[in-house]
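Student: The primary structure of each chain is shown beneath.
2 protein chains.
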Amino acid sequence: MKKLLLLLAIAAFCMPTWSADTKNLKYVDGTTLTIINKPQHDGNRLRRINTDKYPDLTSRVRHYLNMPTGMALRFRTNSPVIRAKWTTLDTLRHTNMASISEKGLDLYIKQDGKWLWAGFGNPKFEGTKHASTMINDMDTTMKECMLYLPTFMQVNSIEIGVAPDSRIESCGDIKRAPVVAMGSSYTHGSGTSRAGMAWPAQLSRMLGVDIANYGTSGQQKMEQFFADIICDTDADMFIFDCFSNPSPKEIHERFAPFVKKIRSKHPSTPLVFLETVDREWKNFDLKKRKFENDKEQAAREEIAKVIANDPNIYFFEPGLYTGTDHETSVDGTHPGDMGYQRAAINIAEKINATPALKKIIDAAKAKDCCKSPCKCPASKK
Amino acid sequence: MKKLLLLLAIAAFCMPTWSADTKNLKYVDGTTLTIINKPQHDGNRLRRINTDKYPDLTSRVRHYLNMPTGMALRFRTNSPVIRAKWTTLDTLRHTNMASISEKGLDLYIKQDGKWLWAGFGNPKFEGTKHASTMINDMDTTMKECMLYLPTFMQVNSIEIGVAPDSRIESCGDIKRAPVVAMGSSYTHGSGTSRAGMAWPAQLSRMLGVDIANYGTSGQQKMEQFFADIICDTDADMFIFDCFSNPSPKEIHERFAPFVKKIRSKHPSTPLVFLETVDREWKNFDLKKRKFENDKEQAAREEIAKVIANDPNIYFFEPGLYTGTDHETSVDGTHPGDMGYQRAAINIAEKINATPALKKIIDAAKAKDCCKSPCKCPASKK
Chain A
3 MKKLLLLLAI AAFCMPTWSA DTKNLKYVDG TTLTIINKPQ HDGNRLRRIN
53 TDKYPDLTSR VRHYLNMPTG MALRFRTNSP VIRAKWTTLD TLRHTNMASI
103 SEKGLDLYIK QDGKWLWAGF GNPKFEGTKH ASTMINDMDT TMKECMLYLP
153 TFMQVNSIEI GVAPDSRIES CGDIKRAPVV AMGSSYTHGS GTSRAGMAWP
203 AQLSRMLGVD IANYGTSGQQ KMEQFFADII CDTDADMFIF DCFSNPSPKE
253 IHERFAPFVK KIRSKHPSTP LVFLETVDRE WKNFDLKKRK FENDKEQAAR
303 EEIAKVIAND PNIYFFEPGL YTGTDHETSV DGTHPGDMGY QRAAINIAEK
353 INATPALKKI IDAAKAKDCC KSPCKCPASK K
Chain B
3 MKKLLLLLAI AAFCMPTWSA DTKNLKYVDG TTLTIINKPQ HDGNRLRRIN
53 TDKYPDLTSR VRHYLNMPTG MALRFRTNSP VIRAKWTTLD TLRHTNMASI
103 SEKGLDLYIK QDGKWLWAGF GNPKFEGTKH ASTMINDMDT TMKECMLYLP
153 TFMQVNSIEI GVAPDSRIES CGDIKRAPVV AMGSSYTHGS GTSRAGMAWP
203 AQLSRMLGVD IANYGTSGQQ KMEQFFADII CDTDADMFIF DCFSNPSPKE
253 IHERFAPFVK KIRSKHPSTP LVFLETVDRE WKNFDLKKRK FENDKEQAAR
303 EEIAKVIAND PNIYFFEPGL YTGTDHETSV DGTHPGDMGY QRAAINIAEK
353 INATPALKKI IDAAKAKDCC KSPCKCPASK K
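Order-wise, the sequence lines are chains A and B.
Taking our numbering, the leading residue of the first sequence gets 3, the next gets one more, and so forth.
Taking our numbering, the leading residue of the second sequence gets 3, the next gets one more, and so forth.
Heads up, some of the hints might be wrong.
Note that identical chains are pooled: a pair holds if it fits in a single copy or bridges any two copies.
[Said to hold, decoys possible] For lysine-lysine, the following DSS-like pairs were computed, each having C-alpha atoms within a straight-line distance of at most 27 angstroms:
#1 K87 <-> K360
#2 K307 <-> K112
#3 K360 <-> K289
#4 K262 <-> K145
#5 K112 <-> K367
#6 K55 <-> K292
#7 K116 <-> K292
#8 K112 <-> K290
Hints are computed from structural coordinates only; laboratory data are not their basis.
Using the sequences and the hints given, assemble the complete structure.
Tutor: Laid out in structure tokens, this is it:
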């Protein structure tokens, strides 16, 4: 109660002096703010990696990896309003997800040490130029913000608008994510309503550490170029959703070489493999049910072989858990936000129950750069 | 285990003889099948009501009530494939929901007495003519099906396609829904991924009774025409989400006359009023927070007045409950499937804890027409 009264007192003292008028905002280039969950630091700051480094990528994988999926801007501001202008490459549109996730923005603000949802950037349905006020009429205390970039659309530019008399601060340059997730559309976030609802993003908020996202919808079949990308990526833990896209035959052929290649560069970094989601199209389609069951069996067999000789390999079974009520599917293949939350809870519980993995998370938590008061390199603005 | 073996044996015996070829299906007009959750039985069979009866409706309310929101086709078939062709009025598109919910179809099949998700009708992103195979490669046992129609789009025609040598049976004409829900976009299903995920549909599956949906996004401000519509609607229980759209002033002015009008026709039918959803835009927006809090206070005051003199009026507080993690919002205003599920669970628990309401549900359950084996009027096909 005391805390509530204190918050109310602060809020009353800091009532906004600025509201609703979006014409006189000052804008900063979003790429000058801190960027989190960018798994490799070189190349275009609004893309997950520099795909030019990997000539073997298929055009589809290249297209997806040019998207900022899972990435977010981190900044501090005391502005009562936060607006954004951004431009996207308008080629994709999905019937199974909301445009807000596909090409919109998703804003969280830290409160009492936890990320609390704050607002969203509403994209235009058509076109590539978007502008949206994400939150308004806030008190003017200094706040830590995390703004997720679109799930399924390349972003060419982004500007953040704040009240003209307010501060907006970067907390330093690109931040290394201690955990990196690689996977299929289930990792990419197909079916989500907002950019912050794919399981890596939800797990990140649950654990309190950044998690980068290498999801490439439908394309994760353990090709060697994916292993190359992991080899070039620095992290304390890798999590793989690599049994969702390949056929049973591909799982048998590719899993051991995939792990071998990764181990050539990361000999002892924990590798967590997730059992694939229990697709709801199995409920009545007998052909698809058999195919899925064969894939699950192939994964179990291949995992058993590598896990026997490597104490730093883990298999979470279930991995991408969506519950037992069969209500989370949006299209038979992908869960929506609810399924992704259940998966994230399941993974968080399993990580917390594994001492070696929990130790990594605890160590990573202590390094969070943007803590308040900010002890980061001086603001660029 | 015995049950599983039995199911596997049945499945093996009934393996599909037909798969994937959609050219030679036979089609039936969907409007000749049983229609559930149509709250008034006259007028166009693919619309919730005959809006011509209500000249006072605003054009927006008329537009919405011409949509089949919450309505579903019920039928029985032994076809291994179920396909649909349907036409819609293509005027709306939302950034906060999946097109599958907005203009697609959502198929459930009964298994062990419960509805299990089975497939969906994928709409075209553009255009008004849609065709989609919802499920394939099923065993050929007779099954009960429930196919939700689009959430946010008028449907002008629908045909259901099955294998040429299979049966498809209606279970009679339009079925009266024992429970009718009226409300705002939270009832209409804004933010959902599929047509079966608005809270009335989820609650219906939880309770095992049909629930019709009078949601009209953003338009439920307790105007007298809404009370007129309820007066003309036959049900055993009405549930209202009528505190989401009106201002505090409108709540004070309109609630008592709204109830009075309804009571002139339904003197003792239980009326359940739901506290509005805890909108997540309140998290940081102080102006919106105050407005929402004032609305909640107005609702509590007005409810207290009518409830004192009417033993058949109930107030569920919280009503449209979305949990305490603040993660269910898709746009600050509407929850997605996860929030709607939490709301449905909360409402189901409160109904089950209220003997007079539970009695209504139990009585309605016993009347389900489409039970297997079907004891309904002879099939029309």
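Student: What are the numbers of the hints that this structure violates, sorted from low to high?
Tutor: Structure breaks hints 1, 2, 3, 4 and 6.
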